[in-house]
Each structure stands twice: as structure tokens, then as C-alpha cells.
Amino acid sequence: MIDIAEHALLLVVALISNMVSAMAGGGAGLLQLPALIFLGLPFSMALATHKIATVALGAGATLKHAREHNTRLPFALLMLGAGIPGVIIGANIILSIPENMAKIALGILTIGLGTYSFFKKQLGQNYLPRHRNLKGYLAGGLGLFVLGFFNGSLTSGTGLFVTMWLIAWFGYDYKRATAYTMILVGLFWNGTGALTLALLTPVRWEWLPMLLLGSLLGGYGGAHIAVKYGNPLIKRVFEAVTIMVGLSLIASTQ
Numbered sequence: 002m003i004d005i006a007e008h009a010l011l012l013v014v015a016l017i018s019n020m021v022s023a024m025a026g027g028g029a030g031l032l033q034l035p036a037l038i039f040l041g042l043p044f045s046m047a048l049a050t051h052k053i054a055t056v057a058l059g060a061g062a063t064l065k066h067a068r069e070h071n072t073r074l075p076f077a078l079l080m081l082g083a084g085i086p087g088v089i090i091g092a093n094i095i096l097s098i099p100e101n102m103a104k105i106a107l108g109i110l111t112i113g114l115g116t117y118s119f120f121k122k123q124l125g126q127n128y129l130p131r132h133r134n135l136k137g138y139l140a141g142g143l144g145l146f147v148l149g150f151f152n153g154s155l156t157s158g159t160g161l162f163v164t165m166w167l168i169a170w171f172g173y174d175y176k177r178a179t180a181y182t183m184i185l186v187g188l189f190w191n192g193t194g195a196l197t198l199a200l201l202t203p204v205r206w207e208w209l210p211m212l213l214l215g216s217l218l219g220g221y222g223g224a225h226i227a228v229k230y231g232n233p234l235i236k237r238v239f240e241a242v243t244i245m246v247g248l249s250l251i252a253s254t255q
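Numbering-wise, the numbering used here comes out as the position in the sequence shown, counting from 1, plus 1.
Calculated from the structure, these hints are not laboratory results.
One or more hints might be untrue.
Claimed, not checked - Think about it this way: if two alpha-carbon atoms lie no more than 25 Å apart in a straight line, the pair counts; the simulated DMTMM-like pairs of lysine to aspartate or glutamate are:
no. : residue 1 : residue 2
1   : K122      : E207
2   : K229      : E69
3   : K121      : E240
4   : K122      : D174
5   : K136      : D174
6   : K122      : E240
7   : K121      : E207
8   : K229      : E240
Using the sequences provided together with the hints, build the complete structure.
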């Protein structure tokens, strides 16, 4: 029998968490993953269910960003080729290793991201391309591979690191970086991680319709707000979400 209140809660959590994530360029797991665990799922099942649901976040954001032409196919292929192998390796490792130390380290680094962005007032406000040569692409691709590994192996916040990496290394502004993160990480990296985890651990399939619907609508709505209000708003949301995600990761180890 369907629990209407439970499914309504899943829809609301997915809608809010994915809308904020689409605006900030990551962090959907801040609310969604803890909510699934709170509702009774063991960590591995909650992680797999969450990963599958976040694919709809990427789909919803893609529907909006694709019309804005803020992404280019060659760079998208770089993100896919460099990141997806890392995602697969990370997803295979996460279910067999202790995660508390990694969560604490990631939490501290994530808080550092938000703090760094807060004090760098012009960070990501303008599109200033750099490192667009072979050496730059190789180093950037290596960074994306490492971030792909963490995307597959850790629960939340890694999309925020991808957004910052695209800004800091390649010179994207927040609007373009967020578009790449939502499309390539949200749709393809998370899709790969979701498939890998689904093959390794059970999934709560009956909860997915509400989670997918909330992720799709939240992803589109968040992307719409990000496109409409631009870099200053995205920067502030990014800073708030990174600090909250970092504190959440550290608190989850207690």
C-alpha cells in the first residue's frame, strides 16, 4: 500500500534539494541522501537510490541550459572521457571501504571552497578562458578524473568541486561552469555511478517515481533561476551550499 505522506515528503525533499543544486552547481545530496537514510534505508541502498534520482536533476537542468548554448561539444567530450572512468572506479570502491575519514576531509575542503569564493569577490563573474592548450587540457582532464572518482565514491558535494575546478582552471564564469556541471556531471557522471551502484547493491525502486519527478522539476527550476539572475546570484548560492554541504558531511560522521 502506498504511503501518501511518505511519497509527498520524498517529492518535496527532491524538489527543494535539486532546485538548490541546479542553482549552485552541485550539492543535491545535502538534503536528499540524509532524508532517505532517515526514512529507513541502509546507507548503500540510500546511496544507490539517490544516485539514480539525481540523473533526473541533470535531465531537468539540461532542458534549460541546452537552449542557452552555454556549453560546447568538444569540452563536454573532455569531461566525459576524463570523468566517467573515475566515476566507475569510485563507485566500485565506496561499498567496501570506511568512509568517515573521507567525509571529514571532503567536508573541510568543501567549506574551504565556499569561504574562498566568498572572499574572492570577482571569482567566476566573468568568462576568462585559460589553459586552452594541450598541457592545460591534460592537467584539467586529470583533475576531472580525480573529481569523477570522488563523484562515484562519495555521497554529496563533488559537483561543487567540478564547478569550482572549471572556474579556477579553465576560466569559466559561474553560469557556464554550472551548465557543464549540471549536464555532464548531473546526467552522465551520475548516470554512470547510478548504473554501477544499481548492479552492486539493492535500490528502493518504489520511491524513485517521486524522487525522479522532484529532481526533474527542481533541476529545471533551479537552472531557470540561475540563467535568469546570472553569476552574482549563482555565486552566493554556491557559497551557501558549499558551507552547508561541508558541515553536513562532517556532522554525518558523528
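Does the structure keep K136 and D174 at a Cα separation of 25 Å or less?
holds, 21 Å
Need the status of pair K122, E240: alpha-carbon distance at most 25 Å?
holds, 11 Å
Between K121 and E240, is the straight-line Cα distance small enough, at 25 Å or below?
Given that 25 Å is the threshold and the Cα spacing comes to 11 Å, the pair holds.
Hinted pair K121 and E207, Cα distance within 25 Å
violated, 44 Å
Is it true that the CA of K229 sits at most 25 Å from the CA of E240?
Holds: K229 and E240 sit about 19 Å apart, inside 25 Å.
Proposed proximity, D174 with K122 (alpha carbon, max 25 Å)
holds, 13 Å
Verify the proposed pairing of K229 with E69, using a straight-line Cα cut of 25 Å.
holds, 11 Å
Does E207 lie within 25 Å of K122 when you go C-alpha to C-alpha?
Measuring from Cα to Cα gives roughly 45 Å; hence the hint is violated.
In summary, the numbered hints that this structure violates are 1 and 7.
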